[in-house]
Amino acid sequence: MPSALINVPRTAKRGDIIEIKTLMSHIMETGYRHLASGEVVPRDIITSFSCRYNGTEIFRADLFQAIAANPFITFFTTATESGKFEFEWIGDKGFSETASASIIVE
Amino acid sequence: MRFAGIIALAALLTAGAVRATDIPPGERRSGYSFMTPDTQAMQDDDTANPGMLWVLDGEALWKRKVGTSDKACADCHGDARATMKGISARYPAFDKALGRPVDLEQRINLCRVNHQQASPLPYESSGLLALTALVARQSRGIAIETGAAPQLEPFVAKGRELFMQRQGQLNLGCTNCHDDNWDKRLAGSAITQAHPTGYPLYRLEWQSLGSLQRRLRACITGIRAQAYDYGAPELVELELYLMSRARGMAVEAPAVRP
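Quick mapping for you: the protein sequence lines, in order, are chains C and Y.
When you line the first sequence up against the numbering used here, it's residues 1 to 106, in that order.
When you line the second sequence up against the numbering used here, it's residues 1 to 258, in that order.
If you are wondering where the hints come from, they were derived from the structure by calculation, not from laboratory data.
Mixed in with the good hints, there may be bad ones.
Said to hold, decoys possible - A few chain Y residues that don't get close to chain C, going by computed Cβ distances all over 12 Å: (1) L56; (2) G86; (3) G99; (4) Q167; (5) G188; (6) A190.
Claimed, not checked - Restraint ranges, calculated between C-beta atoms of paired labels, are given here: (7) Y:Q167 with C:D16: 56 to 64 Å; (8) Y:T36 with C:S102: 29 to 37 Å; (9) C:G55 with Y:R224: 43 to 51 Å; (10) C:E86 with Y:P258: 30 to 38 Å; (11) Y:P258 with C:R10: 30 to 38 Å; (12) Y:D95 with C:S102: 23 to 31 Å.
Unchecked claim - Here are the computed lysine to any residue pairs in the SDA-like style, where the Cα-Cα straight-line distance is at most 20 Å: (13) C:K84 with C:I103; (14) C:K93 with C:I27; (15) C:K21 with Y:K63; (16) Y:K158 with Y:K63; (17) Y:K63 with C:A4; (18) Y:K65 with Y:P37; (19) C:K21 with Y:P37; (20) C:K21 with Y:L121; (21) C:K21 with Y:T39; (22) Y:K65 with Y:L121; (23) C:K21 with Y:R217; (24) C:K84 with Y:K63.
None of the values given here were measured: they were computed from a predicted structure.
C-beta: ideal position from N, C-alpha, C; glycine also.
For reference, chain Y alone in the conformation it holds in the complex:
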C-alpha cells in the first residue's frame, strides 16, 4: 500500500511536469464533493456526524470555570451560538500584541492564559479540540473571509511560498498534488484541492477529530519531510494561506473526511 503510494507519487512527479498554476475560482471544490454519498450523509446528519460529540463536550467546557481568575468562557463571551458566529471563518487572524497571525487553537489558548489565567491546552487534546469544534460549528455555512487584514499580507505570502516549495525525500511541494493533480487519485484516494473548509474535522482514518495542523503534519510526513512542531509559525502561515485561498467557500465544521 505504502510502496504503491510512493510509485504513484513518483508517477505524479514526472507526469505532472512543473505546472504549479492556481485553481481558477470557478473550479474550486470542497473536499466534501470528492467523498462518497455515504460519507457525505454522515457529515450532513448531526446525529451521525461524530464531530458533534466534540461540539457537545465543547458546550460543557464553555461553561466550566477554570484558572485562577475562576472564569468560564461563557462569563465573557456569553452564548457561543450567538457570539462565536462567523469567528472561525476569519481565522487565522492577526494578533496585534504578538505581531503575527494566530490560529483558532492559539486564540483559545491565549484567552485561557491571559484572561482565565489557566494553563494552555496541548494541541490535539480533547479539551482543545472540543472548544475549537464548538467555536467552528457556529460558522457552519458562513463564507470564509480569512486574510482580509492588510497586516496579514506578508504572512500569506510566506504561507504561499511554503505551499509552492518542494521539500522532503520525495521532493514535492503541496502545489504538485493539490493545484496540479487534484482531479487524479493517489493510491485509490482522491487528491482534493486542499481547501480547509471543515476543520477541526473527523477523519475516519484517525477515528477522531483532528486539527488542520495535524493534517498538515501528516501531509508533510507523507512527502518524507521533517514536519514542523505543533504551533510552529510555518504551520500557522500555511493554515493562513490555505484559508485565504479558500476565501468565499462555506465553512463545514465539524466536517467528516475519509
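Chain C extracted, bound-state conformation:
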C-alpha cells in the first residue's frame, strides 16, 4: 500500500519562494543484502522522482541505493500562478505512483 504525504502551502503571494515537501512510502531495498540462506535480496528502489507545476517540469531527481527507506524530498520553487503540482515516483518492479496538490497564488 504505497502512500504519499505532500506539503505544499495552500496559498502564496506571487513571487514568493515556497517550500515543497514530499514523503513516499517505499522500502528502498538496496540489492546488496543477503538472506540467512545466502540468497541476494533483489534491488527494489525508487529510481526517479519528478514534479510538474502546471505541466512544466520544475524538479527532477534520480534516486540510488544509498537513499534511506521512505524517501523525504524537499525543494523550493517560486510561486508564479495558481494551479497544480503533480508528483511522480517511478521505481523497480514497475513501481509508479502519482500525487498532486493545488496552490492559490494571489
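Please arrange chain Y on chain C, whose structure you already have, making use of the hints.
Then chain Y, alone, in the frame of chain C:
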C-alpha cells in the same frame, strides 16, 4: 563500533555501582528531549514524520471489511479519531477473559479473532503496525494512565522485577542503564530514560515503524541475553511496567527516534 559499545557497557557496569534508584518524577524526560533539533522537527511535522505513512495505511485498513463476519473496525468503532482517543494511553490493559494484561497489538488481534473472525496479524507486520499507529495517533498529547487498575498490580510488580534483574552475558539489568546512567552516552548515543511515550515509533536505524516489543527485544539482545518471543507475557509485563512508570507523560505516537 560494536566492540566499543561493549567496552562502554563494561565501563558503565563498574562505574555505575549498584544504585538502581528510581528517577524522581520531576526529572523524567521523554526520549524526544535527547534528540537533535533536526530529528525533533521531523517528529513534529506530520508531513515529514514517516510514521504518518503507517497512520494513513491504518485509516484505509480501519474501513476494510475482513474475516468471516465481514466487518470492518469502523463498523463497530466508528470514526477512529473520536472513538480511539485516549485508548493507547491506557495500554497495556487488563483483559478479564484472559486474566492478564494485553498490549495494544494483542487487543487489536483479539478483536480480529473474536469479532471479525479473521486470522491474527503477525507482530511487526505492516498491517498490525498500521492499525496500532492509527489507534495510538489518536492519543497524541494525552497523559499516560496505564496501570491504574488494581488487578494489574502483580503484573506491574513482575515487570519491575524484570527491569531490575541482571541478565545476559553482560550481566546488566535495564535499570543499570535507564535509571542509573540515563544522563550519559553509550557509543555516542544518548542512553535515555526508557519512557515508551511514542510507540509504535519510526526509528531511523530501522528505517521503519516498530513496536515497543521490537525495541525491548533489541535491548535484550544488546545485553547478550536471550530475547523473549513476540507476545511473551514477560514482554507485556515489561511494557506494562514501563508505561506505568511513564504515567502522566504525554503520548507522542507515532514518534521518531534515531
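Status of each hint after checking the structure:
The claim that Y:L56 lies off the interface is violated: its Cβ sits roughly 4 Å from the closest Cβ of chain C, which falls inside the 12 Å cut-off. Every C-beta of chain C lies more than 12 Å from that of Y:G86, the closest at about 25 Å, which supports listing it as non-interface. In this structure Y:G99 is separated from chain C by more than 12 Å, as the shortest Cβ-Cβ distance comes to about 36 Å. Even its closest Cβ contact with chain C, about 26 Å, leaves Y:Q167 beyond 12 Å, as expected for a residue assigned away from the interface.
Annotated as non-interface, Y:G188 keeps its C-beta farther than 12 Å from every C-beta of chain C; the closest such distance is 19 Å. Separation of Y:A190 from chain C is adequate, the least Cβ-Cβ distance of about 21 Å exceeding the 12 Å criterion. Checking the proposed 56 to 64 Å range against Y:Q167 and C:D16 shows it holds: the Cβ atoms sit about 58 Å from each other. Separation of Y:T36 from C:S102 is about 34 Å and conforms to the stated range, judged on CB atoms against 29 to 37 Å.
Here the CB-CB span from C:G55 to Y:R224 is close to 59 Å, at odds with the stated 43 to 51 Å. In this structure, C:E86 and Y:P258 meet the distance hint of 30 to 38 Å, their C-beta atoms being roughly 34 Å apart. Separation of Y:P258 from C:R10 is about 32 Å and conforms to the stated range, judged on CB atoms against 30 to 38 Å. At roughly 47 Å, the beta carbons of Y:D95 and C:S102 sit outside the given window of 23 to 31 Å.
Taken as a hint, the C:K84 and C:I103 pair is honoured in the structure, with Cα atoms around 6 Å apart against an allowance of 20 Å. At roughly 12 Å between alpha-carbon atoms, C:K93 and C:I27 fall within 20 Å of each other, so this suggested pair holds. Restraint check: the Cα-Cα separation between C:K21 and Y:K63 comes to about 28 Å, which exceeds 20 Å; the hinted pair is violated. Distance hint between Y:K158 and Y:K63 is unfulfilled; the C-alpha atoms sit about 38 Å from each other, more than 20 Å.
For the hint pairing Y:K63 with C:A4, the CA-to-CA distance comes to about 19 Å; that is within 20 Å, so the pair holds. In summary, the hint linking Y:K65 to Y:P37 is not supported, as the alpha carbons are separated by about 41 Å, beyond the 20 Å threshold. For a cut-off of 20 Å, the pair hint linking C:K21 to Y:P37 stands: about 18 Å separates their Cα positions. Between the alpha carbons of C:K21 and Y:L121 the distance comes to roughly 32 Å, so the proposed pair goes past 20 Å and is violated.
A hinted pair counts as satisfied when its Cα atoms are at most 20 Å apart, and C:K21 with Y:T39 qualifies at roughly 16 Å. As the CA atoms of Y:K65 and Y:L121 are separated by approximately 15 Å, the hinted pair is consistent with the 20 Å bound. For a cut-off of 20 Å, the pair hint linking C:K21 to Y:R217 is broken: about 34 Å separates their Cα positions. Distance hint between C:K84 and Y:K63 is unfulfilled; the C-alpha atoms sit about 29 Å from each other, more than 20 Å.
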